[in-house]
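J.: Given next are the chains, with one letter for each unit.
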Amino acid sequence: MDFLNAFVALSNFVLIPAIAYGSQLALGALGVTLVYGILRFSNFAHGDTMAFGTMVAILATWGLQAAGVTLGPLPTALLAIPVGILGCAALVLATDRLVYRFYRAQKAVPVILVIVSMGVMFIYNGITRFIIGPDDQAFADGARFLINARQFREMTGLAEPLAIRSTQAITLVTALIVVAALFWFLNRTKTGKSMRAYSDNEDLALLSGIDPERVVRVTWIIVAGLATIAGVLYGLDKTYKPFTYFQLLLPIFAAAIVGGLGSPLGAIAGGFVIAFSEVGLTYAWKKVLTYLLPGPLEPDGLVQLLATDYKFAVSFMILVIVLLFRPTGLFRGKSV
Amino acid sequence: MGLGMSDPLHDDRGNRDRSITNPAGQGAPLPGHRGRARPAPGGPFLIGDAMTGGYGRGADILHGCTIAVDRGEIAVIVGPNGAGKSTAMKAVFGMLSLREGAVRLDGEDISALSPQDRVKKGMGFVPQTSNIFTSLSVEENLEMGAFIRDDDIRETMEQVFDLFPILREKRRQPAGELSGGQRQQVAVGRALMTKPKVLMLDEPTAGVSPIVMDELFDRIIEVARSGLPVLMVEQNARQALEIADKGYVLVQGRNAHTGTGRDLLADPDVRRSFLGG
Numbered sequence: 001m002d003f004l005n006a007f008v009a010l011s012n013f014v015l016i017p018a019i020a021y022g023s024q025l026a027l028g029a030l031g032v033t034l035v036y037g038i039l040r041f042s043n044f045a046h047g048d049t050m051a052f053g054t055m056v057a058i059l060a061t062w063g064l065q066a067a068g069v070t071l072g073p074l075p076t077a078l079l080a081i082p083v084g085i086l087g088c089a090a091l092v093l094a095t096d097r098l099v100y101r102f103y104r105a106q107k108a109v110p111v112i113l114v115i116v117s118m119g120v121m122f123i124y125n126g127i128t129r130f131i132i133g134p135d136d137q138a139f140a141d142g143a144r145f146l147i148n149a150r151q152f153r154e155m156t157g158l159a160e161p162l163a164i165r166s167t168q169a170i171t172l173v174t175a176l177i178v179v180a181a182l183f184w185f186l187n188r189t190k191t192g193k194s195m196r197a198y199s200d201n202e203d204l205a206l207l208s209g210i211d212p213e214r215v216v217r218v219t220w221i222i223v224a225g226l227a228t229i230a231g232v233l234y235g236l237d238k239t240y241k242p243f244t245y246f247q248l249l250l251p252i253f254a255a256a257i258v259g260g261l262g263s264p265l266g267a268i269a270g271g272f273v274i275a276f277s278e279v280g281l282t283y284a285w286k287k288v289l290t291y292l293l294p295g296p297l298e299p300d301g302l303v304q305l306l307a308t309d310y311k312f313a314v315s316f317m318i319l320v321i322v323l324l325f326r327p328t329g330l331f332r333g334k335s336v
Numbered sequence: 001m002g003l004g005m006s007d008p009l010h011d012d013r014g015n016r017d018r019s020i021t022n023p024a025g026q027g028a029p030l031p032g033h034r035g036r037a038r039p040a041p042g043g044p045f046l047i048g049d050a051m052t053g054g055y056g057r058g059a060d061i062l063h064g065c066t067i068a069v070d071r072g073e074i075a076v077i078v079g080p081n082g083a084g085k086s087t088a089m090k091a092v093f094g095m096l097s098l099r100e101g102a103v104r105l106d107g108e109d110i111s112a113l114s115p116q117d118r119v120k121k122g123m124g125f126v127p128q129t130s131n132i133f134t135s136l137s138v139e140e141n142l143e144m145g146a147f148i149r150d151d152d153i154r155e156t157m158e159q160v161f162d163l164f165p166i167l168r169e170k171r172r173q174p175a176g177e178l179s180g181g182q183r184q185q186v187a188v189g190r191a192l193m194t195k196p197k198v199l200m201l202d203e204p205t206a207g208v209s210p211i212v213m214d215e216l217f218d219r220i221i222e223v224a225r226s227g228l229p230v231l232m233v234e235q236n237a238r239q240a241l242e243i244a245d246k247g248y249v250l251v252q253g254r255n256a257h258t259g260t261g262r263d264l265l266a267d268p269d270v271r272r273s274f275l276g277g
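Chains X and L, in that order, are what the protein sequence lines are.
So for the first sequence, the working numbering puts the first residue at 1; every next one is plus one.
So for the second sequence, the working numbering puts the first residue at 1; every next one is plus one.
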């Protein structure tokens, strides 16, 4: 019984939140790793791309809610995601046309594009705040819980409660579908293969008749899709605030690098590594340990390794460790 | 690219941190010519006629150099290091701007076309290095070779597999895991997938063992005997001239000797100055 209670407490406070957060990071890191692999630079504007796409989805959600359209138990925002993706794709494609293409045409070294993406980041930053403001925005509706704490206690008779929020379940299901679709696209379709070919060897792709500008356009559209979905899921699960999305850049980059930059599989693994470390290190383990350990060994303190305020330090630590000991990342992306 | 501080867009400073930059596989700038092909009947099937030019705004490397190949023939470009052999072939393929001269293929003047458009006109080009997609499987490499085709490519792929049986065995393996000789087979196979009208090979035997080299030459002869003209740059001059219907010896970007492969091998001048007696 103690063991079961320990496991339920662990699931409730660590496993389930980390799986949801990990899925969101994985989707974010996939976008970063695609830009890195195909456009060859780390896109510092990715967090704000997420913020912009989510903002468009939120505006559409409010519109739908005002019109009385809802999805019943599911959040209305799911219906608004396609609008968010369209808005986000329009923004990144316009940015590429006006900014990145100029440097690409001259084959500027990638570090120039990194700096350029920082400028783009500030512009996106301003656009989002100009339209929706810097504050928290509420847009979640529908059922709050898939299983709530009381139901779970009544069902199982365990002392520990377990709650699964519907947004956590939606996050996982959506992430699975999106990742499966992305891998199918990259490995099975002609366009997807041409993207991998372009990433591998630009000149040879050109000689094979692959249109580089088309590859780049498709990449941006996919990135806009991934960023918007990741952003909406994160916003539903936690909260939408433009600054929080900018801050997400760090764990997302850490996830992409830990997994191996340029490797989509690595981005997913990296997302979960970062999420589990962040949640695990900032969780107070006292409750779980009290159930598991015999009386005399029970901890007195909270057994919380880091205060939640320091959660960003976790991404940094992992980043440093990976760069020191396995610079290619877990899945052997490009050597960092 | 050695352009120095005066050109900030290409300065390598700060560009070596792989956590933010990924120059691997990045393309090189190509001349941006976008003209049309004009009819130009007569003459050999493919000819780079009196070509003069160099890379970008740099000095001329080719000086009135002429290279031609006809149907069913193998033409070989040989010469000492730095003679402009590869440059001559790249000029035929449109990878540098010609100041003078013209390139004609199958009765059309294609001098104003970009390399991509020349591929669509029927040129199959195998670069000397980076000529395969290392992270793609052998089969995907061939599929990408046929990217511009909308028809069924399976028959062509079978022909490539018949020509290079080892590739059929390794079709699911990433091309980057293959040996040097097998990679060259993938590279040639990729170029054949467009069903080109002419095949151009830039040092196909660079870095492979003598046995593999003989094997590759046999395959190249087989391709040429099927009616597809082959234009080839070769470092191994003697072996290359032995299989050549036409040979071009270049020295400092100029045609030094031209003739059948056998004539050139017999030419005392060529032997003394170039083949080592």
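Just to be clear, a hint being listed does not mean it is correct.
[Said to hold, decoys possible] Below, simulated DMTMM-like cross-link-like pairs (lysine to aspartate or glutamate); rule was C-alpha separation at most 25 Å, straight line: (1) X:K190 / L:D12; (2) L:K197 / L:E177; (3) L:K121 / X:E213; (4) L:K121 / X:E298; (5) L:K197 / X:D211; (6) X:K190 / L:D7; (7) L:K197 / X:D300; (8) L:K195 / L:E169.
[What the hints assert, rightly or not] Computed footprint of chain X on chain L; a stretch qualifies when at least three of its residues, placed anywhere within it, have a C-beta under 8 Å from a C-beta of chain X: (9) 36-42; (10) 137-150; (11) 222-230; (12) 254-263.
For the record, the hints were derived by calculation from the structure and aren't laboratory data.
Yeah, the Cβ is synthetic: ideal placement off N, Cα and C, and Gly gets one too.
J.: With reference to the structure, classify each hint as holding or not holding.
T.: Results for each hint:
This hinted pair does not check out: X:K190 and L:D12 have alpha carbons roughly 34 Å apart, beyond 25 Å. Proposed proximity of L:K197 and L:E177 is contradicted: the alpha carbons are some 30 Å apart, above 25 Å. A hinted pair counts as satisfied when its Cα atoms are at most 25 Å apart, and L:K121 with X:E213 qualifies at roughly 21 Å. For the hint pairing L:K121 with X:E298, the CA-to-CA distance comes to about 78 Å; that exceeds 25 Å, so the pair is violated.
Between L:K197 and X:D211 the alpha-carbon distance is near 22 Å, which keeps this suggested pair within the 25 Å criterion. About 37 Å separates the Cα atoms of X:K190 and L:D7, which puts this hinted pair outside 25 Å; it is violated. Under the criterion of a C-alpha separation no larger than 25 Å, the hint pairing L:K197 with X:D300 is inconsistent with the structure, at around 81 Å. For the suggested pair L:K195 and L:E169, the alpha carbons sit about 22 Å apart, so the restraint of at most 25 Å is met.
Proximity of the segment 36-42 of chain L to chain X, defined as three or more residues with a beta carbon under 8 Å from a beta carbon of that chain, is not established by the 0 residues found. Look at the segment 137-150 of chain L against chain X: 6 of its residues bring a Cβ nearer than 8 Å to a Cβ of that chain, three or more, so the hint holds. Coverage of the segment 222-230 of chain L by chain X is violated [criterion: at least 3 residues with CB-CB distance below 8 Å; count 0]. Coverage of a stretch by a chain is defined here by at least three residues with a beta carbon nearer than 8 Å to that chain's beta carbons; for the segment 254-263 of chain L and chain X the count is 0, and the condition is violated.
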